[in-house]
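K.L.:
One letter stands for each residue in the lines below.
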Amino acid sequence: MPINVDGSAKKSRKSKRAKPTQAEVADRHALYERAVQDPKTDAATLGELYRKVRKKAAVSLREDFCGTATLATEWIKGSKKRTAVGVDLDRPTLDWGIEHNLGNLSSADAKRITLYEANVLDGKGPKSDLACALNFSYCCLKQRKQLLAYFKAVRKSLKKDGLFIMDVLGGSETMGPDENRHNLGEFVYRWKQHFFDPLTHEMRCSISFYFEDGSKLAPAFEYDWRLWTMPELCDVLEESGFSKTHRMWEKTDKKGNQTGEFFEPKRIENQESWWTYLIAER
Amino acid sequence: MAKNKGKGKSKGKGRAKPKKKSIADRVDRHDLYQQSVQAPEADVEFFDTVFRELRGHAPKSMREDFCGTGYLSCTWAASKRSRTAYGVDLHAPTLAWGREHNLAKLSAAAQERVELVEGNVLDGLGGQQDIVCALNFSYGVFKTRAELLEYFKVAREKVAAQGIFITELYGGFEGIIEVEEERELDGFTYVWEQAKFNPINHHTLCHIHFRFPDGSKIKKAFTYDWRLWSIPELRELLLEAGFVDTKVYWERTDDDGDGTGDFVATEDEENQDSWLVYIIGVK
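Keeping their order, the protein sequence lines are chains A and B.
With my numbering as the guide, the letters of the first sequence map in order to residues 1 to 282.
With my numbering as the guide, the letters of the second sequence map in order to residues 1 to 283.
Since the hints were made in silico from the structure, they are not lab data.
Every residue, glycine too, gets a C-beta built ideally from N, C-alpha and C.
A few of these clues could be false.
Here are the in silico distance ranges between beta carbons for each label pair [claimed, not checked]:
no.	chain 1	residue 1	chain 2	residue 2	range
1	A	Gly260	B	Thr144	55 to 61 Å
2	A	Pro92	B	Glu182	34 to 40 Å
3	B	Gly259	A	Cys140	32 to 38 Å
4	B	Asp273	A	Leu89	36 to 42 Å
5	B	Glu118	A	Pro126	39 to 45 Å
6	B	Thr144	A	Lys77	24 to 30 Å
Result set (DSS-like, lysine-lysine): computed pairs, CA atoms no more than 30 Å apart in a straight line [stated by the list, open to error]:
no.	chain 1	residue 1	chain 2	residue 2
7	A	Lys40	A	Lys80
8	B	Lys105	A	Lys142
9	A	Lys52	B	Lys153
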């Protein structure tokens, strides 16, 4: 909303500001979904990973830290049998998702999604084939005990042969200040790592959006995380009762481009920055 | 089964007798190791300072786990008449080298204050000491949380009621990639090679090589097959093992960014290309 700083200039300002800036009319959730999420691909990949490990199709999905539930929405589009549960703490974000994502579904389809405004540690909702925690959201759990409690709760929320899939961020350059920008046409997306503390592995990051007219949403989202390493996550998963972990890695073609296909290597050379999936069998 | 590899890991060279001896054939790799990576006087000074800071009195007895040649134990005991040292290592030939080259150089009285014992650090041989230390990252041979926790529990049992446990860790952007670095020393080049670092389990394979002015070299003079643990992981494990508190001591740098040798307790640091910290478990 335009702000009038000085009452006396109200009139002239008003006329000048008749047209709001791009930042003022932008919807940060929509921008986030465009910039960071690829829910269609994620839903397909989760389905494929489940089939790879369990040799059958997953029907029910639990999306922890679901935000706008865009992944849950894409999941149920994959088959008429599919159902999804989404859990998030933030009511306004859930409401945005109900309006913009679930709202675009037929009422019959929308009924196959249940959203809970709840803490993921509470383990609300029915047992599912697949549970996921994507976009590194579990990193807001900074104490090992908290992460352990969360993994125990997830494990309980899984069916007997259920799988838990999370994404993991890493690489030498994730452990320090860094910044990268992507021009997405109508706006520029900026990912910034403000600091990383090697003593605690705490990191602060933010997402900002910059527009052609010079306006910006900076920061649009802020994160206060502990950057967990792959072996740490596996150790905690094991301790919380998961029977087996699969540390996946994305295949690259001969030119080094990502293929969207994941395999389970024994050894990988570290990179400056990477993200991948970690699968845990209940 | 984890083994004590640490600094003292020996590998038979099995070379044939050369006709003309190169420098590599004449030198002693334990001696080169001690010159390259150890600075026991600095460790002794740090131990004394940090112990007084945390415990309010002077430390006397010190246990050196993964002691290898016992260089630190000997330096500790020789530094003051009140100080005793107890070194433990799995590898008998390395201990024998240390007795001959380090222990034998001490005065008879100081020698009496050093005990170098062949054993597994997990067996908890010997009595309690003011300080128990595990330096040079040797505990990296414990690659599972359960193994490292067991070791920390044993180490804690060996710490006296008013004592501390001291260990070391390296890290930074360059700690987790494949990289090689060289240092010129007196009459030889020391090469540290991180041949492998696997981000999915943090296993790392490192080698120490030595090169000489006549072109000869000792490749893989020492090899380490470790899990590179992180600072928060070690602190969490120390607490789980029963230590009541942990401290991290970070090296101060001068204006040029070079290490000053001065370590201070800290809770908030920026990551660097390469760092080395002392981590303390308070009993």
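K.L.:
Please go over all the hints and tell whether each is borne out by the structure.
P.N.:
Verification of the hints:
1. A:Gly260 with B:Thr144: 55 to 61 Å: violated, 33 Å
2. A:Pro92 with B:Glu182: 34 to 40 Å: At 57 Å between Cβs, range violated.
3. B:Gly259 with A:Cys140: 32 to 38 Å: At roughly 34 Å between Cβ atoms, A:Cys140 and B:Gly259 fall inside 32 to 38 Å, so the hint holds.
4. B:Asp273 with A:Leu89: 36 to 42 Å: At 38 Å between Cβs, range holds.
5. B:Glu118 with A:Pro126: 39 to 45 Å: Violated: the Cβ-Cβ distance is about 59 Å, outside 39 to 45 Å.
6. B:Thr144 with A:Lys77: 24 to 30 Å: Given a distance of about 42 Å, which is not inside 24 to 30 Å, the answer is violated.
7. A:Lys40 with A:Lys80: Between A:Lys40 and A:Lys80 the Cα gap is close to 16 Å, so the pair holds against 30 Å.
8. B:Lys105 with A:Lys142: violated, 50 Å
9. A:Lys52 with B:Lys153: Judged against 30 Å, a Cα distance of about 40 Å means the pair is violated.
Hints 1, 2, 5, 6, 8 and 9 from the list above are not met by this structure, while the remaining hints are.
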